[in-house]
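Novice: Hints are included, so try docking the two chains, each in its own frame, into the full complex.
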Amino acid sequence: MPSALPLGDPAPADGVLPAQAAEGASSRKFSLYAHIPFCAVRCGYCDFNTYTATELGGGASQAAYAATAAHEVAFAARALEASGVPARPMDTVFFGGGTPTLLPAGDLTSILAAAVEQWGLADGAEVTTEANPDSVTRDSLQELADGGFTRVSFGMQSAVPHVLKVLDRTHEPARVPQAIEWAREAGLKVSVDLIYGTPGESEADWETSVRTALGYEPDHISAYALIIEEGTKLAGQIRRGLVPPIDDDDHATKYMLADELITAAGLGWYEVSNWARTPEDACQHNLAYWRGDDWWGIGPGAHSHVGGVRWWNVKHPTAYAQRLDRGESPAAGRETLDAQTREVERIMLTARLAEGIEVASLPPAGRSAVAGLIAQELVDVRLAFAGRLVLTLKGRLLADAVVRQLLAD
Amino acid sequence: MSPMARTAPVPAATDPAIIRNFCIIAHIDHGKSTLADRMLQLTGVVQQRDMKAQYLDRMDIERERGITIKSQAVRIPWEVDGTAYCLNMIDTPGHVDFTYEVSRSLAACEGAILLVDAAQGIEAQTLANLYLAMENNLTIIPVLNKIDLPAAQPEKYAAELANLIGGKPEDVLMVSGKTGVGVEELLDQIVRELPAPKGDPNAPARAMIFDSVYDTYRGVVTYVRVVDGKLSPREKIQMMSTRATHELLEIGVSSPEPTPSKGLGVGEVGYLITGVKDVRQSKVGDTVTSLHKPATESLGGYQDPKPMVFSGLYPLDGTDYPVLRDALEKFTLNDAALVYEPETSAALGFGFRVGFLGLLHLEITRERLEREYNLDLISTAPNVEYEVTLEDKKVLQVTNPSEYPSGKIAEVREPMVSATILAPNEFVGAIMELCQSRRGILGGMDYLSEDRVEIRYRLPLAEIVFDFFDILKSKTRGYGSLDWKADGDQVADLVKVDILLQGEQVDAFSAITHRDKAYAYGVMMTGKLRELIPRQQFEVPIQAAIGARIIARESIRAIRKDVLAKCYGGDITRKRKLLEKQKEGKKRMKMVGRVEVPQEAFIAALSSDESSKDKSKK
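These protein sequences, in sequence, are chains A and B.
The numbering of the first sequence is the numbering used here, which starts it at 8 and goes up by one.
The numbering of the second sequence is the numbering used here, which starts it at -17 and goes up by one.
The set of hints was computed from the structure by calculation and includes no laboratory data.
Rough simulated footprint, nothing fancy, chain B against chain A, three-plus residues with beta-carbon under 8 Å: (1) 253 to 259; (2) 310 to 317; (3) 395 to 405.
Heads up, the beta-carbon is just placed ideally off N, CA and C, and yes, glycines get one too.
Extracted from the complex, chain B is given alone in its bound form (with noise of 0.2 Å):
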């Protein structure tokens, strides 16, 4: 059994050969943050007294939702056979939306730890990272977490493992994070499998941002790992990509609080901090050198975040637009791959149309907008980018529905996507059902073990954005998983339904949908807001157009009654507050045209668990 260190290596000046720097890839809910708190505690970087659950993720929601978003590297330090060695431990965001996260934090590393619930095998996002993993020649420990579970199969996923990587069943790792038995023996593992970094100390600096974090009091904090020469404090450095140029008023790394250092040298992962205020100004996968002896070749793999899915924000108080507006100004500090823009609707009013790199992006975004800036919020259904040329060769970028050009389209394309479906294979049927009646075209199938496949199909981004993923772990009685990642465009027969309440159009209804789905949206839609919209005085036609053609109608009776028969006894106080309340009701009405629609209404409409809801309500 391996001490803890007595001597930990000291920074800037650790020699590359003790030096380990790896990454864990887990699903959520695997154990990745339990295993990392009870490697920093065995090693002593947390005292026992300091350690609460899932010390790494920082955010509240983080820790509720038990996912990492941000990620973040410790150095740990840990003796083995006499040598006290410095290891990096680079944590990574563990969903599909953050693939590109995810590739730069491995691109840090030479190792990384394949961590596997000994209860629910490999998921899809799991064996996403692993394979890039392995495209990036990292060296894979295979382990299996909880192990202490009754319901564990080690030996099943044990062999899972050994065939997805090559080697033998025998060599995957047996860990609890929760007991910490293993774990010793995982970070002996580390120190001993893994290759040490390899750089050329003499030669200009370049080192890789694998994250920037927004700090109210420190401005923007960026993590890189040092692949040649070295970086000192107060040193002028230079961003390659936009040869930008700041002073280095910070460098340390994180043992797990920053502790500031002399620089950091080859193979060595930490911080910066230079002031700069927007992390834009800091990008993922963008590489710094030294302004003095700039190095002129990047170390590559750079790409801007780009969003894949849109959506319409907007507060439900209108008086909210101003904190929403400023409230996003602020998230972009932090977040490179949010972009907005305002955009207005007849029926929603003022708010903002923007992009996420997935739904998983917007949810959390969303949460935390409500949660973090109190705000009450409409979201529209999600839609993808599309790319409309019209007769006269103009081609247009549509993110809104309600910019969908009317007639004179030439031609209409869709983004893809690449999805990999990992699930039991009594699923395969179901799932694969579910792929076609989305666009999906098989691509192929293979099995991971005797009784779990992988299936591989191409599909329309827009047809998984909205409740595809719902209905995937319903049908697969949640052991179901996806990853997907973007894979070009097609031409495809699109059109735009409107919703018409009264003949007049309801711009927040609209959608963009293959030609055969358009009269399904239509009854839908036609159907969920003939339950929604209460009685009106008049009859209310709603109905669901392809331009001028009517495709779907459904209507609302006019109301026959509203008049409470009694006066209680006396009691007139009562009924003059009912009276108040409703009209306290219709203040929270939005007009559309004549008809009154509540609030409520849009929400319910826009989201799709909308008949589960309403079903448990009754």
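Chain A extracted, bound-state conformation (with noise of 0.2 Å):
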């Protein structure tokens, strides 16, 4: 997650949600995110909540983190219990950061297991941690299968070493294959992720990119466009003029092409930057994020969204094991949704997935948008007929521009 957080209202101590939170709870799935808020290194186009080993000590050090981190399981079971949130099982987990895979695979599944002991896990729930290829091995990866782990995602970003060299990316290229050969092995499901529109990156590095990842055969790919965010060491170089400035059209065209190859491939896009071989295969994680489901998210910088309530944890590892030490919620702002956010996060959300909006659930000035946004092709006009607002190709890559129009005053 980024640095920055949002403004909000502020959070109680002792984290009990707003009565709204608890409405119809027990119809809703619940998530949970584990924030790893540590990195080797941290890369110049980073700038999410993380800290390399030798910046923190004490609750927020590295060795110390699991236990703090199974602290906040325990408080969150409490602060729901104490809204009057059923306890629900957990249908997905996911381990991000950070690099989650840099704490001892050991640590990850006492983190699982302290979730587990108090939620449950669902029926074929899906359970997924992030990793660099170089900070795995074949005996870590078999671990955390045998600790309850279905899945695991490689932060791959590109095949082409220049670009993984803007990007401060460590790894070898060599080593991803390796590291999917052993994650296969020890049963888990693979997703790579990939970042297009690096400065310097050529229309053929991608391509290059593209297909090496769709070589490996994984279940399910994530292609993000590099953001330059503020304050990064690359937003530096940008403005100082030793590296290019990043260029829409050319995330564009390299959109485009990665969807061309990948559905050649045979996967099928379901969110505007995931595809997965199968709607099984599909992040039912991320797609909880979209659906506007429940989840808690323990770590520093974490964000939570319970019935309409939404709140993030404060951002410094230290202060965040200080909180919880004092048996303190660590949030550090929330707000309160009404009808109208909500329904406009519903579609702002929605919009993006393969399974679009019903027609129907639209306000009116949403409804009359319509018309207008299938002359412009960026929905489908079959589906659209049919009552259901699914996202062309063009429409992908102007989602928010949709999106703007469905919501228009």
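Specialist: What follows is the structure in structure tokens.
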């Protein structure tokens, strides 16, 4: 997650949620996100809340982190209970970072075990961890699988050395197929993450990366456009003219190329930046975000959502650990969404999904925008007439514009 | 050394023989206000503790810009050889746009201090005002100021001044308004050199208005110089140009705070209050006389101020329109030269077409409107007034390009100016190149000194109202100065260039230009707009056209990507706020047909320094 936290209302120390959080909770799915705020090195493009090994100490150190995270799991269970939200088995669990696999596999499985002890896992639950190709071994992947993980998402980013260098990624490209092979052996589903539009990346470079990733026959591919965030090393390099600026047209061309290649390899898009081999291979955790399900996010800077209440934890691992040590909520702020805002979010989030939005569920202004969207070739005409708005390829690239039209005042 | 006067002469009972009326002719920044402040201090008119820098400049904006827009008069006592004299210092506006006001101030004086920065030499506007003073037969006292500056070159510029007014370089006084050096000698010199005013105390009263200022509490304060007769409190007066009559509610002198007196006699300078609320009822240049014993002949020289430069002023936020209207109404109470009428632009909404004396008048007025009324304004590119004769002999006055008639034009006349440019001679080539490119006709050239030149050109006013002065400054590394005055009109081969966005004409960008420059304008404006208008979901052609003929075209390619790829680890709040911000941004867009144009694009496209601003941003 990005460094800057939103502005919101203060969150109470006991973590008790407003009444609306509990309404209809038993009919909603529940997920867990665990943020692991450590990296071996900080990548030049990254503004996520992450720290290198030497930066932290005390309860925020890598060694103590699993225990600290488990504290929040216990705190979460108490706070949800006090808020009248019934305990539900976890539908999905996702470990993100940072680099989760920088912690020993045993630490990750112990955090998972603490959560399973509190809430249990739903049948067929998806349990994913992000991983760097060079921070896993055959043994560590086996240990994760044995501890309950079902899926691993590798940060491959690119197959081209000079692109990886601009991104400050340290792994050897050859390391990726090796790691994937081990994950398969351990029975884990495999996803690879790619980044396109890195300064200096040619269309041929990008094609190489996509073809290489597809050659590993992953179950799932994510392809994200590189975003230059303020305050990152890369933003500084661009400002000083050391690295060329990013170009939206280049992004568009590369997105279309990726979609063409990935689709030809038999995967299908289910969200703007995500493709899966079968519907079951889609990242269920990711879908939970877009569908507005409930999830608790543990870890510094992590975001949570339960029944229209969104909150986010303090950013710094030390402050985070101290709050939990005192038995206080690590939340830095929160917001309670009213019905109208929840509706805005629903449209904003579900418009990105291949399952689309039911036209009948749109407000009048949104319904009257549909004809224009069809005319602009932003939504699929056949599906639109069947009552469902699904983005075309052009529409996916202009998804934010589509949302603005659906929400026009 | 002269002491401070022990007893000041009393107004209405002062012998003209001990009166000295003078003004200071100086360029912006040459230290006129500082010198005036020093005089007030030395003569004890203003106590040390009341002193604030540039006492006479009343408006904040004047103090900040260091220029005087409106003049004022101060009565100062000064003793020489045991006689207490009465000095009236009449402050003059220091800028080219206010030439007429300057001429009236000069007409109220017998003498002028020609004040020149000892490090810079005389500038074009000062020279123009000096010529004006000499035409009015004023006695000139040449003074070099800022002699304390390390860069001062008193010998060089003393020679230049002596050359200009005839005299010896040693006669030029050396002063420093900052340290006070030479200021007492200057006051002595004023008493000794300037003639006393002459007039007939028994004749019907005649007083010339050289300034009038609107004051919220007192109404219009009118500044006059009495030529003949006497004006007294409670007396009925008459304005000779309009025959309007008023009662003198108060009459007095400024020293420098207004001080009521028993009247004003021959040669005296002071103020009148009649209770009128609009400076148009008390016009600069008009003659005031007594209703009971009226003069038959006015003092002459009166003329109505004539706006030369026109610009559309629009509030950025349409709901501010009434605020702008009220603000303009208030401004005209105090500014007889300002004229305005409502106009509507398809692109900018409701606003006003406002006429100004010149570009500085425009800039100052706009700045004051924004500051004093908290307005955000768009001002359209300034233009001049054209006289268009149609083939059916009908004559139109056009101050707005969108009113320019299409077809059937027999003749168009444009206003001309004679311009004087002063600069070091090394820049002559660059200046002439600039003037030639602006359709100028060289009138003549003179050397003021060994290395300084006066260049005279006749130019179309339209060619100097936009960016001429900025370019002149940059081509002369800041040393060039410009003065201009209206000089008739000429027939010109002019065309109206329209700008079309996706085939839709945008009135705010239309311009009237010379036929030879239409293409350059079209290329410049279409290029600017291509940079300024964000990409839309469709391709947007931008065209420049004369009538139906396209002379330049650009196009904004369709946007291909408008989506944030990531959801940032569940930070939906951030994503929603971004969406809200985008929607907010849409509200600040003006729709031109289907094209969304940000307000900022209008401002940037219409301002002359867009390219430099843009560069500094990147």
